[in-house]
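Input sequences plus hints: build the corresponding full structure.
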Amino acid sequence: MTTVLIATTAALAVATLAGWLLNRRSGNVREIDQESAQGAQGGTTDTEDLGLSRTGPTVVHFSAPWCGPCDRVRRVVDQVCGDLGDVAHVEIDLDANPVAARRFSVLSLPTTLIFDIDGRQRYRASGVPKAADLRSALQPLLA
778 MTTVLIATTA
788 ALAVATLAGW
798 LLNRRSGNVR
808 EIDQESAQGA
818 QGGTTDTEDL
828 GLSRTGPTVV
838 HFSAPWCGPC
848 DRVRRVVDQV
858 CGDLGDVAHV
868 EIDLDANPVA
878 ARRFSVLSLP
888 TTLIFDIDGR
898 QRYRASGVPK
908 AADLRSALQP
918 LLA
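Residue numbers (this note's numbering): 778 to 920.
Keep in mind that the hints were calculated from the coordinates and are not lab data. Treat each hint with caution, since some may be false.
Said to hold, decoys possible - The calculated DMTMM-like cross-link candidates involving lysine to aspartate or glutamate, where the alpha carbons are at most 25 Å apart (straight line), are: (1) K907 - E868; (2) K907 - D893; (3) K907 - D810; (4) K907 - D860; (5) K907 - D870; (6) K907 - D855; (7) K907 - D848; (8) K907 - D863; (9) K907 - E808.
The structure is reproduced here in structure tokens:
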């Protein structure tokens, strides 16, 4: 009986640690290295089909109708874009546009990308980003 209790406790501890390690980056807005971003896109920054703004930065949010957290991302991004003014928001349905998802290596939902005015990917977040993190990533792009 004691061995079963110890084994169960150890399994729960390992599962908790594994979950924490897998989710610790969720929602964090990370800056993208331009060389690796171009490599992931086949050496180009072909973004014409995404509907990016030509007057300011654009937040591109990959989602799907069946994705629960995608609604939370939509609310956060709408709030931040509304507060900052010159930031566009484009939502791309993963099911309807799998080519764009593959081009930007979207492996999980929700995924949020931030593009500058020149159409270069500058930041990326998997999971639900915090509004403050999005604001701090977008403000330097509003020149």
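Exercise. Quick one, are K907 and D870 close enough, alpha carbons at most 25 Å?
Worked result: holds (21 Å)
Exercise. Taking only the CA atoms, is the gap from K907 to D863 under or equal to 25 Å?
Worked result: Distance of about 19 Å is within 25 Å: holds.
Exercise. If you draw a straight line from the CA of K907 to the CA of D810, is it 25 Å or shorter?
Worked result: holds (21 Å)
For this session: Mind checking the alpha carbons of K907 and E868 for me, to see if they're no more than 25 Å apart?
Result: holds (17 Å)
Exercise. Has the given pair, K907 with D855, been kept, meaning a C-alpha gap of at most 25 Å?
Worked result: holds (12 Å)
Problem set entry | Given pair status - D860, K907, alpha carbons within 25 Å | Judged against 25 Å, a Cα distance of about 14 Å means the pair holds.
Exercise. Going straight from one Cα to the other, do K907 and D893 come out at no more than 25 Å?
Worked result: holds (19 Å)
Exercise. Within a Cα-Cα threshold of 25 Å, do K907 and E808 meet the stated pairing?
Worked result: Roughly 15 Å separates the two Cα atoms, so the pair holds.
Problem set entry | Restraint status (C-alpha distance of K907 to D848 at most 25 Å) | holds (14 Å)
Of the numbered hints listed earlier, not one is contradicted by the structure.
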